[in-house]
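Participant: Take the two lone chains, each set in its own frame, and fit them into one complex as the hints suggest.
Here the protein sequences come in this chain order: A and B.
Residues 1 to 164 (the numbering used here) are what the first sequence spells out, left to right.
Residues 165 to 411 (the numbering used here) are what the second sequence spells out, left to right.
Just so you know, these hints were derived from the structure itself, not from any lab.
It should be emphasised that the depicted structure is a prediction, and the values quoted were computed from it without experimental measurement.
Mixed in with the good hints, there may be bad ones.
As the list claims (entries may be wrong) - Simulated crosslink set (BS3-like; lysine-lysine; CA at most 30 Å straight-line):
#1 Lys-210(B) x Lys-33(A)
#2 Lys-236(B) x Lys-33(A)
#3 Lys-247(B) x Lys-359(B)
#4 Lys-210(B) x Lys-306(B)
#5 Lys-324(B) x Lys-26(A)
#6 Lys-210(B) x Lys-236(B)
#7 Lys-389(B) x Lys-26(A)
#8 Lys-26(A) x Lys-411(B)
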Amino acid sequence: MTAAVAGNGYNNYFRPSSSGASDTSKRLAEFLKSVLNHTRSTAHGSQWENLHEELLGMAAERSCVNWDDQGAQPIAELALEEALLFLDNLPSWIPLPDVVPEPDGSIGLEWYKAPDKQFAISFGGQGSIAFAGLLGNGRRINGIEDFEGTLSPYIQESIDRVTN
Amino acid sequence: MPKVIPLSQAPIREALIEIRVDRRPDLAVDTLEAAHDRLKEQFPQKRAMQRQEFGVSLKEGKGQVSNVGASKYGFRFDSPDGKRIAQFQLDVFTLNWLAPYESWDKLYTLARRAWNIYLEVAAPVEVTQIGVRFINSLMLPKPVTDLEQYLTCPPRVPQKLPQGVKSFLSRVVVHDTTLGADCIITQAMEGADPKLDTIPIVLDIDTTLRCRIDPHDDFWEIIGKLRHLKNSAFFESVTDTTLEMYK
Chain A
1 MTAAVAGNGY NNYFRPSSSG ASDTSKRLAE FLKSVLNHTR STAHGSQWEN LHEELLGMAA
61 ERSCVNWDDQ GAQPIAELAL EEALLFLDNL PSWIPLPDVV PEPDGSIGLE WYKAPDKQFA
121 ISFGGQGSIA FAGLLGNGRR INGIEDFEGT LSPYIQESID RVTN
Chain B
165 MPKVIPLSQA PIREALIEIR VDRRPDLAVD TLEAAHDRLK EQFPQKRAMQ RQEFGVSLKE
225 GKGQVSNVGA SKYGFRFDSP DGKRIAQFQL DVFTLNWLAP YESWDKLYTL ARRAWNIYLE
285 VAAPVEVTQI GVRFINSLML PKPVTDLEQY LTCPPRVPQK LPQGVKSFLS RVVVHDTTLG
345 ADCIITQAME GADPKLDTIP IVLDIDTTLR CRIDPHDDFW EIIGKLRHLK NSAFFESVTD
405 TTLEMYK
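With the rest of the complex left out, here is chain B (with noise of 0.2 Å):
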């Protein structure tokens, strides 16, 4: 088991908890509306998810996109402050924590509680996959000279040629074979604002599951399972010298 130290300012710009669903035939998005008066005391703002519709037309003889309206799949119900968020999607459903984080017992509380009312109002019919993730930006001080002095395992540059990263994006799928789950460790610098002292370095953990599993069983250690791996994934993706940054 990894060293997983509590951290007074963790770097976690989201986390969320996402559950995927075989919906029932019948469901209409309108109905998903109806979860709101159930929510609304600490999700006051309502919203509808909407796609934008496009259609084709051909002009001069090639097919070109045109947007032509929206149609709704779904309503994001919001906190006072906007930083938590429980999407209720025809097959989805989320819940969104966006910094600053608290706590991982609110966040399974208070997306545990919104699972059961999305359980009511959309009646799926299986759930088919269970997710953690977490999104976390390292703000590194400058200068960085070695990546390695942050992140375990930063992508490397052959020797002979000029060791300055101005952007990277790395992604690696694990599976944990004893969970059955897949983990997504993406690492991602998209470049340095100049003016700035620090460069952010994003650090997100996906752990999904694909399942079978009825509804209305209690699969929620589950869930406590996943963040157990996507706390492994952190702790052991980054140094004790970024540890110290966020104690």
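The shape of chain A in the complex, shown without the other chains (with noise of 0.2 Å):
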């Protein structure tokens, strides 16, 4: 009898693999990464794909000096790179974010869903995140967390409780 039960911390279905040198592990990853991306292009439709261009557009137009005339920074190469492998870590049953470039060169993901209930994560390309939210009942959180391209069971709870 095999049971389902609630995670009980950092989802590693979707963790990273480990630093497998081999040919046997190399095409392991690959075989399970063209599953995931099966798995994400079936719960989130053209929508998957639809962001990712987004985000490419979106860092490509603002890829120099005072991008909105303000002073803005360009879009950091490895913000973009972080926020690409937070996307392709998000498991499939959270909604995508909406993505909002940052003038000091970072990519925000944002869930929103009221006024009271709305998730932020910010990718600076440090290898880190930084987060803010109004999760309800008049609730608030702000942090940092080292970022390890996956999602934090912190995080993710944040993330549910804005979007649920």
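Facilitator: Right, dumping it as structure tokens:
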């Protein structure tokens, strides 16, 4: 008998594989990636690909200084890389976010449900993410945590509270 | 405890021990290169690990990713035959042992020695994750009329559908509450080459423990426990028929 249990922490299904070096590990990683991409396109339809294109286009259009006519910094390549990695590892049941360019060159991903339910993550390309949110019932959170490529339980719980 | 028996021809394609860390803020990737002086007797080959950097350009109103260069994120040091690899990254240490696998003791000893060098050179702030992963390739002799003859929990197809499976991928994550570790069990069959007499099935067992440990503490007992968890997962995943093939 196999039971389904609630996650106790990080969702390791989507965790980046360990640093395998053999041809077998590389083929397995590619196989897994293709299956995960199929899962995401099934869950989100064309919205997944549209979001990727939107993110790349947004970064391209803001790749020079002063893109907002107010002295904004160009979108950092490492910030784009982090945001793409985060999206690649986003579980399929999490709604897709809106993409927001930030004047310091960071990339923001935002989830909005209501004036008192919204959550934002900012990727600056430094290996950490800044987050802030209104989770309803007057609860506010903000902070910084290391970014390891996947959703931390705290971030996932925060997004769940905003989007559900 | 599951039956754990020595396999003289274990189907291991790769075994690895991995330790993830919080790096010290001022660690530069080129600092890791200095480790080669201490490792070159067993790992004479040195290579920078590079990540492709990309720029984004607009073409016909759409963003396109194009390669503009590469940036280093670590170094790998290989044995003369390329079968043992020490990967020194900014926030990850890995010791890979590719086939032919020899023994747990040899893997453990080599990994521990290489880790001690990583610890001195990289001086990480904290250990955040420990992992033991064994990737097996089971070569099942054709014809394979019933996967349950070889795997205790193969994927199943509803009875009224065709029972011939061309490929599959199964990945389950179980949590060992005693150890506080996760065990990812992946079974995969990409496809069988009609010209070969065997069908390859990958059985990948990846055990990990998230933690917050002082890197100078002796946490290697934990690695031993992850190995036992890995063994349990492997021996419970295969049948006696499979084990007979590799004794």
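Participant: Compare the distance between the alpha carbons of Lys-210(B) and Lys-236(B) with 30 Å, and conclude whether the hinted pair is satisfied.
Facilitator: holds (13 Å)
Participant: Does the alpha-carbon distance linking Lys-210(B) and Lys-33(A) stay inside the 30 Å limit?
Facilitator: Satisfied, since the Cα-Cα distance of roughly 29 Å is no more than 30 Å.
Participant: Could you grab the alpha-carbon distance between Lys-26(A) and Lys-411(B) and see if it respects the 30 Å cut-off?
Facilitator: It holds: about 27 Å lies between the C-alpha atoms, which stays within 30 Å.
Participant: Taken at face value, is the distance from the CA of Lys-33(A) to the CA of Lys-236(B) at most 30 Å?
Facilitator: This hinted pair holds, its Cα atoms lying about 24 Å apart.
Participant: Hint check: Lys-247(B) vs Lys-359(B), CA-CA at most 30 Å. Holds or violated?
Facilitator: The hint holds at about 28 Å.
Participant: Regarding the pair Lys-324(B) and Lys-26(A), is the alpha-carbon distance no greater than 30 Å?
Facilitator: violated (35 Å)
Participant: Taking 30 Å as the top limit, are the C-alpha atoms of Lys-389(B) and Lys-26(A) close enough?
Facilitator: holds (26 Å)
Participant: For the pair we were handed, Lys-210(B) and Lys-306(B), check the Cα-Cα distance against 30 Å.
Facilitator: violated (41 Å)
Figure legend: structure checked against the earlier numbered hints; hints not met, in rising order: 4 and 5.
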